[in-house]
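Asks: So you can see what is in the structure, the chains are spelled out below.
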Amino acid sequence: MMLGSTLLLALREIRRHIMRSILTTLGIIIGVAAVVTMVTLGNGVTASVQDEISSLGASNFIVFPVRTTRGTIRPFDEADVRAVEQQIAGVKIAAGGAGTSATAFYNGQDWDTRIEGGTNPLLEAQTIAIKEGRAFTRDEEAAGKSVCLLGLKVREAIFPRGSSPVGARMRLGNVSCQVIGVMEERGQGGGADDDDVVYMPLKTVQRRFRGNDNLDFFVVKYDSAYAAASIQDALVDLLRERRLLQEAEPNDFNIIDTAQINQALGAVTGALTAMVAVIASISLLVGGIGIMNIMLVSVTERTREIGIRLAIGALAREVRLQFLTEAVVLCALGGLVGVGLAFGASLGLAAAIDVPFVFDPVINIVSFAFAAGMGIVFGYYPARRASQLDPIDALRHE
Amino acid sequence: MSAQPLIQMDGITKSFGSGAAAFQALKGIDLTIERGEFVAIMGPSGSGKSTTMNILGCLDVPTGGVFRFRGVEVQKLDRDQRSLLRRRYLGFVFQGFNLLARTTALENVELPLLYRGEKKAQRHAAAMHALDQVGLVPWATHTPAELSGGQQQRVAIARALVTQPDVLLADEPTGNLDSERSIEIMELLCRLNGEGITVLMVTHEEEMASYAKTIVRFRDGRVERIERGARSPANQGTAA
Chain A
-3 MMLGSTLLLA LREIRRHIMR SILTTLGIII GVAAVVTMVT LGNGVTASVQ DEISSLGASN
57 FIVFPVRTTR GTIRPFDEAD VRAVEQQIAG VKIAAGGAGT SATAFYNGQD WDTRIEGGTN
117 PLLEAQTIAI KEGRAFTRDE EAAGKSVCLL GLKVREAIFP RGSSPVGARM RLGNVSCQVI
177 GVMEERGQGG GADDDDVVYM PLKTVQRRFR GNDNLDFFVV KYDSAYAAAS IQDALVDLLR
237 ERRLLQEAEP NDFNIIDTAQ INQALGAVTG ALTAMVAVIA SISLLVGGIG IMNIMLVSVT
297 ERTREIGIRL AIGALAREVR LQFLTEAVVL CALGGLVGVG LAFGASLGLA AAIDVPFVFD
357 PVINIVSFAF AAGMGIVFGY YPARRASQLD PIDALRHE
Chain B
4 MSAQPLIQMD GITKSFGSGA AAFQALKGID LTIERGEFVA IMGPSGSGKS TTMNILGCLD
64 VPTGGVFRFR GVEVQKLDRD QRSLLRRRYL GFVFQGFNLL ARTTALENVE LPLLYRGEKK
124 AQRHAAAMHA LDQVGLVPWA THTPAELSGG QQQRVAIARA LVTQPDVLLA DEPTGNLDSE
184 RSIEIMELLC RLNGEGITVL MVTHEEEMAS YAKTIVRFRD GRVERIERGA RSPANQGTAA
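Quick mapping for you: the protein sequence lines, in order, are chains A and B.
Counting from 1, position 207 in the first sequence corresponds to residue 203 in our numbering; the numbering is continuous, with no gaps.
For our numbering, add 3 to where a residue sits in the second sequence, where the first one is 1.
Just so you know, the hints here were simulated from the structure itself, not pulled from any lab data.
Keep in mind it's a predicted model, so treat the numbers as computed, not measured.
Any given hint could turn out to be false.
Said to hold, decoys possible - Just a few of them, taken from the derived set where beta-carbon distance is under 8 Å, the chain A residues facing chain B:
id: 1; residue: S1
id: 2; residue: R8
id: 3; residue: R12
id: 4; residue: G309
id: 5; residue: A310
Even glycine gets a Cβ: it sits at the ideal position worked out from N, Cα and C.
All chains, full assembly: derive it from the sequences and hints.
Replies: Here it is as structure tokens:
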């Protein structure tokens, strides 16, 4: 018998028992949908984490002071940053930053936001791009001019849509300031919204808002040809020396390696995705056993039909192929519906939990193929039983 | 081939079970059936008529003896070879109609052609022709549940005819029908026999058997008597 006829028979049989077919396939549908959705969302979470990390800048150390056992915090200053940049081999950029918070006013609108103080090198190290306008000039940085770059949220909050805020004068607290540019979208970073921010020259923030030369942190961008660990060791040694720490005293500062965070977070999300995929695979397996169960019931229920087919002249392998085809077609249809369902579900869920939707063709194809393969595995035994029935007994079966 | 009888049974025995529990259903059947015959097999239950019918239908093999169908020794064939024999040369009609439920008359009739791998257009044409032979063309798209018993049996006959078999085997074809429908079915079988198909029928009703050209009576696993009917103008080939 030709494959076309076999498929036709299988589809007729599925249509004849449409409700039972749907219920049988439900396990496969849910299993495939769960696997594909979980992996797709996992990919989305990974992508969003990596996006967040890359906003910290790749191959960067972030250095900041921590509270000592005596309860004090000793801030870094520009001299520390210069020393790091000049004395440690492999350091490309070292740039400090300091922040505060203030209310932004423009044209009767106001908005509570953060102010970040930094320099063009810090913008570069943090991979912040300018969307409109320009970055700071050397003069603006050196003189601590009152100019600023807007984050997207601040721009939306107080500036009218459709017109460029570049060139406008706004007020931050009681400091008047000229808008020279707007930053590209930065996303979430370190628990804060990096788009709800106004960026000013470091000197301006230090003088006009904080009244000191302290830095909150500094970023060290290193040449990736150098080993991160050796640069980190050199950094610790230099900073301990500059801060006159005794042998027994612990570091009163912390160094974060963004590449390490990246790896660690990648490993965590990867492990989570794998775990959820395993759990979902179990549901797929249960779905497959459900298929076998129903196929076995179906063979018993259709004993007489099998007898008729054998009497008419069906070969054992044709009966086997028919039942196997039915199982595979059921599973494949279930897989197809599951993949479709997963597409919708992951699209919706990705939007709901605010991660990007990353379509992964491999997991879709693999899940579908796995579902169809389960039709073969779990359909084989019932199909074999059907094909081995004795036609006379089968015809007599009530 | 034409020199040989269509069906030849020599000393056919059949036992079920083994050892002390063994039961011998057939104790040596000799039977020759020529092409174009209409044979009714009769006998009380347990006389071996159904067992003989199963062997004649190549559904079962004898324990002993030689059964030749078209000169081929069927007892030497395996399961699949016998399936191919049924597919090519035999059509079955059962007491319980045995149509596929929730499947239209047309699809039921097409079924044997699916196993032959015939193209859709040919399948359809052949099935409609077979339905025409039994007068059910207007009912082609109805499912068994929508048909009367007589109509269902006619669909079953169409299914048996669709492959243009040499032999139609009917096992109590009127067993589930009232007398009026039974007569319709018997007249249909007579007509088909007149068109050249060999008909073998098991029945326990004398009235139905009287339509046959030859009546073979079974008793206790043996052929008791062979009666040549008045309806048979060219009845030459029965031997005990």
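Asks: Evaluate each hint against the coordinates.
Replies: Each hint tested on the structure:
no.: 1; hint: S1; verdict: 5 Å, holds
no.: 2; hint: R8; verdict: 7 Å, holds
no.: 3; hint: R12; verdict: 5 Å, holds
no.: 4; hint: G309; verdict: 3 Å, holds
no.: 5; hint: A310; verdict: 5 Å, holds
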